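Heads up: the protein sequence lines correspond to chains B and W, in order.
Numbering follows the numbering used here, with no gaps: position 126 of the first sequence is 126.
Numbering follows the numbering used here, with no gaps: position 125 of the second sequence is 125.
Read the hints as simulated data drawn from the structure, not as lab findings.
The reader is advised that the hints may include incorrect statements.
[Claimed, not checked] Keeping only pairs whose Cα atoms sit at most 35 Å apart, straight-line, the calculated DSBU-like set for lysine-lysine is:
no.: 1; chain 1: W; residue 1: Lys146; chain 2: B; residue 2: Lys461
no.: 2; chain 1: B; residue 1: Lys346; chain 2: B; residue 2: Lys277
no.: 3; chain 1: B; residue 1: Lys507; chain 2: W; residue 2: Lys41
no.: 4; chain 1: W; residue 1: Lys58; chain 2: B; residue 2: Lys464
no.: 5; chain 1: B; residue 1: Lys278; chain 2: W; residue 2: Lys115
no.: 6; chain 1: W; residue 1: Lys58; chain 2: B; residue 2: Lys275
no.: 7; chain 1: B; residue 1: Lys223; chain 2: W; residue 2: Lys42
no.: 8; chain 1: W; residue 1: Lys58; chain 2: W; residue 2: Lys42
no.: 9; chain 1: B; residue 1: Lys392; chain 2: B; residue 2: Lys517
[Stated by the list, open to error] Reference listing, derived: stretches of chain W covered by chain B, where coverage requires no fewer than 3 residues with Cβ under 8 Å from a Cβ of chain B:
no.: 10; segment: 36 to 50
no.: 11; segment: 59 to 65
Keep in mind that this is a model prediction, so the values were computed, not measured.
Beta carbons are placed, not taken as given, at the ideal position from N, Cα and C, and that holds for glycine.
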Amino acid sequence: MDISRRDFLQIAAALGFFGASSDLLAGASKRVDEITATDIMDFKPVGKVTLLHICDLHAHIKPLYWREPSTLISAPNLTGTPGFLCGKSFAEFYGVKPKTLEGYFDTYLNFEELAKKFGKMGGIAYIKTVVDEVRRDRGKDNVLLLDSGDTWQGTAVALKTGGEAIVKAQNYLGVDVMVGHWEFTYGKERVRELIDMLDADFISQNIIDNDPFSDDFEELVFKSYTIREVGGAKIGIIGQSFPFTSTANPKRFTEGWSFGLRLDTLQEYVDELRKEKKVDCVVLLSHDGFSVDQEVARRVHGIDFILSGHTHDPGPKPITVNGTVIIIAGSHGKYVGRLDIDIKNKKVVDYNYKLIPIASNLIVPDKRGVELVNELYKPYEKELNQVLGKTKGLLYKRDTFYSTFDALIGEAIHDEMDNEITFTPGYRWGTTLLPGDDILMDNVYEMTAITYPEVYTFELKGAKIVQLLEDIADNVFNSNPLYQQGGDMSRLTGVTYDIKIGAPSGKRISNLKVNGKPLDINRNYVVSAWGGNLQSAGENIRKSKIRPVYDITADYIRKNGTVDISTRSNVNVVDIGCGCPKAGGIC
Amino acid sequence: MERRGFLKGLAGACALTAVGAPTISLAENKKPKSPNAITYKKALEIITKGKGAKDSEKINLIVPEIAENGAVVPVKVTVDYPMDPNNYVKSIHVLATKNSNARCADVFLTPLNGKAYFATRIKLGGTQEVVAVAELGDGTFIKAQKSVKVTIGGCG
Numbered sequence: 001m002d003i004s005r006r007d008f009l010q011i012a013a014a015l016g017f018f019g020a021s022s023d024l025l026a027g028a029s030k031r032v033d034e035i036t037a038t039d040i041m042d043f044k045p046v047g048k049v050t051l052l053h054i055c056d057l058h059a060h061i062k063p064l065y066w067r068e069p070s071t072l073i074s075a076p077n078l079t080g081t082p083g084f085l086c087g088k089s090f091a092e093f094y095g096v097k098p099k100t101l102e103g104y105f106d107t108y109l110n111f112e113e114l115a116k117k118f119g120k121m122g123g124i125a126y127i128k129t130v131v132d133e134v135r136r137d138r139g140k141d142n143v144l145l146l147d148s149g150d151t152w153q154g155t156a157v158a159l160k161t162g163g164e165a166i167v168k169a170q171n172y173l174g175v176d177v178m179v180g181h182w183e184f185t186y187g188k189e190r191v192r193e194l195i196d197m198l199d200a201d202f203i204s205q206n207i208i209d210n211d212p213f214s215d216d217f218e219e220l221v222f223k224s225y226t227i228r229e230v231g232g233a234k235i236g237i238i239g240q241s242f243p244f245t246s247t248a249n250p251k252r253f254t255e256g257w258s259f260g261l262r263l264d265t266l267q268e269y270v271d272e273l274r275k276e277k278k279v280d281c282v283v284l285l286s287h288d289g290f291s292v293d294q295e296v297a298r299r300v301h302g303i304d305f306i307l308s309g310h311t312h313d314p315g316p317k318p319i320t321v322n323g324t325v326i327i328i329a330g331s332h333g334k335y336v337g338r339l340d341i342d343i344k345n346k347k348v349v350d351y352n353y354k355l356i357p358i359a360s361n362l363i364v365p366d367k368r369g370v371e372l373v374n375e376l377y378k379p380y381e382k383e384l385n386q387v388l389g390k391t392k393g394l395l396y397k398r399d400t401f402y403s404t405f406d407a408l409i410g411e412a413i414h415d416e417m418d419n420e421i422t423f424t425p426g427y428r429w430g431t432t433l434l435p436g437d438d439i440l441m442d443n444v445y446e447m448t449a450i451t452y453p454e455v456y457t458f459e460l461k462g463a464k465i466v467q468l469l470e471d472i473a474d475n476v477f478n479s480n481p482l483y484q485q486g487g488d489m490s491r492l493t494g495v496t497y498d499i500k501i502g503a504p505s506g507k508r509i510s511n512l513k514v515n516g517k518p519l520d521i522n523r524n525y526v527v528s529a530w531g532g533n534l535q536s537a538g539e540n541i542r543k544s545k546i547r548p549v550y551d552i553t554a555d556y557i558r559k560n561g562t563v564d565i566s567t568r569s570n571v572n573v574v575d576i577g578c579g580c581p582k583a584g585g586i587c
Numbered sequence: 001m002e003r004r005g006f007l008k009g010l011a012g013a014c015a016l017t018a019v020g021a022p023t024i025s026l027a028e029n030k031k032p033k034s035p036n037a038i039t040y041k042k043a044l045e046i047i048t049k050g051k052g053a054k055d056s057e058k059i060n061l062i063v064p065e066i067a068e069n070g071a072v073v074p075v076k077v078t079v080d081y082p083m084d085p086n087n088y089v090k091s092i093h094v095l096a097t098k099n100s101n102a103r104c105a106d107v108f109l110t111p112l113n114g115k116a117y118f119a120t121r122i123k124l125g126g127t128q129e130v131v132a133v134a135e136l137g138d139g140t141f142i143k144a145q146k147s148v149k150v151t152i153g154g155c156g
């Protein structure tokens, strides 16, 4: 694709929608069949600096379907605020119209119907076309491509190459700076190797060496910031990797590294960049999560822009907190965020932002990207293209308590382990399959490709199960964003329960039943779990039964041929009447 | 700062921490009746000799929002106050409100410490408030507190 602003204006005139060029969401008001690549790229440039932003690619180098949540429940004080919006509440807040391209990308509404019209999302060859077009339009020395992390993990090609395939993809895209989270689950040594292969700078002000026997005890593990000259301005970019990596993921991968928000040192680096390094603009490249970063902006002063990630929120419009502008670019390669900045007299005076949807049907893919993807998939094609079965209904991830693809994984584990309860993690990455789609081995990996895929089966006392669920609920529904870890509730198979989100910590869950019978707090239950830490709380681990979750899931689908998963949640939310409430809990 | 004076202050700190630590280490899982069990309220009363402590921004308490490991939670305390021979921060105390022995560390300072600064690691039996108390030159006490979440974790 090669559309200049002049071409655009000509096309716009021909289509008869002049005036739309000043509208941030020019495409939003157009019918599905009217949208063109020009609309996607339409943008009113500002100043000389452009920051392009991607986050949470989760190793999806090929386009995919990705349905946004139909349930996104939060603590009552946060309900209806950016980061806790979905479906209609999202559309209303951001002014996104249903049945438009934005409606399809940003919400679950009419998803299946629009999926057929607009097709798949993301893919590096399509992202590259958009990135190159902006570089050509602005001049390549005036553009930086920044990556908020969760890039190296999430698909089979990533897992099987130890992350290398994705580093190649980043180098191809021309990523300039990145931070991390799931990156660290390849282990410290591998992370160092991959950073050596990576052309981008890997920065983090919040990872400190914590090994008392190390020469670097209490020193930074990575550079805290980088300063780049862009468009004649000096931009200071501070890195913030996921603050809770060592609690959310197994500690063994990052033994000796200490994480945390570290807002005190963040403030020091902001001040250092402004006062000593005399930068014109301070950017925080972050994997804190959208709601956490809003809290960071309240507490840390002097950041111009936060480029957020982790919670997978599409943010069609920037939000401003305490003078800091926060943007976030969804997940799975669905979007590229374009931020133009006007800097005068060493100060940010204006900006413009657009979340560009990577609609694969409308964008011409870059040839070299298509070749690279083919090359990276080639060694694994035979295994990954195996058709395991079919799905009758929509298989999706996301949602606060229940999602069909997780329910399928839970069923598969239950079937093999002969257990009473299955815990499946509330990650926010995965894939979406449309009704009637074949389920490929590749799709199973898209839901499960982690470096610790083992399913553990063990015994857990009833009382402990309640305690664990309350603990997880307190991480997800905490009223203070700084105590949230940014995932969804663990999914349970074999269990039903009621939850009162607004109840105090430790008192949210009631009416807990295992296979229809009230939970006995004094009895031991046979529990399976993966992707977390739960086995450490249990006893009598069945060592001979430990097996990777992707193998268990693949076997189950093969055995069944066609899977038909109920869309009914096993969790009853007592105090909220819908999945996407507005502020005040209004449905 | 003279090395001797510094060591004197530190020695006091170590001795008292050592008394406190073994009790706390029992606090986490098994929860036996600790012979040294002491509530936060009681500990604060003893430390401040019944005077109580006022919340103050002069104490800077640095703790993680979420503990990476509840068994070794890093705590840093600084007090923005002179360390003059006649007017200095006399002591810094670290308390964990819900541990069976709430009293984690008592550090006694002299003007030769030069700066009212103390860092250690404490064990937390669960999510709770960590409190730093300091005695000032005039015999009054100030405090700051922050919540630390102790969780099994897990999410994406």
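Results for each hint:
Distance check on the hinted pair: Lys146/W and Lys461/B sit about 32 Å apart at the alpha-carbon level, within 35 Å; holds. For the hint linking Lys346/B to Lys277/B, the alpha-carbon distance of about 12 Å falls within 35 Å, and the restraint holds. About 25 Å separates the Cα atoms of Lys507/B and Lys41/W, which keeps this hinted pair within 35 Å; it holds. Between Lys58/W and Lys464/B the CA atoms are separated by roughly 41 Å; this puts the pair beyond 35 Å, and the hint is violated.
A hinted pair counts as satisfied when its Cα atoms are at most 35 Å apart, and Lys278/B with Lys115/W qualifies at roughly 31 Å. Between the alpha carbons of Lys58/W and Lys275/B the distance comes to roughly 25 Å, so the proposed pair stays at or under 35 Å and holds. For the hint linking Lys223/B to Lys42/W, the alpha-carbon distance of about 45 Å lies beyond 35 Å, and the restraint is violated. Restraint check: the Cα-Cα separation between Lys58/W and Lys42/W comes to about 24 Å, which is no more than 35 Å; the hinted pair holds.
Proximity of Lys392/B to Lys517/B is assessed by CA-CA distance (about 30 Å); at most 35 Å being required, the pair is judged to hold. Here's how the segment 36 to 50 of chain W fares: 0 of its residues keep a CB closer than 8 Å to some CB of chain B, so the rule of at least three is not met and the hint is violated. Three residues within the 8 Å Cβ limit are the bar, and the segment 59 to 65 of chain W against chain B gives 3, so the coverage statement holds.
In the structure shown, a violation is registered for the earlier hints numbered 4, 7 and 10, in ascending order.
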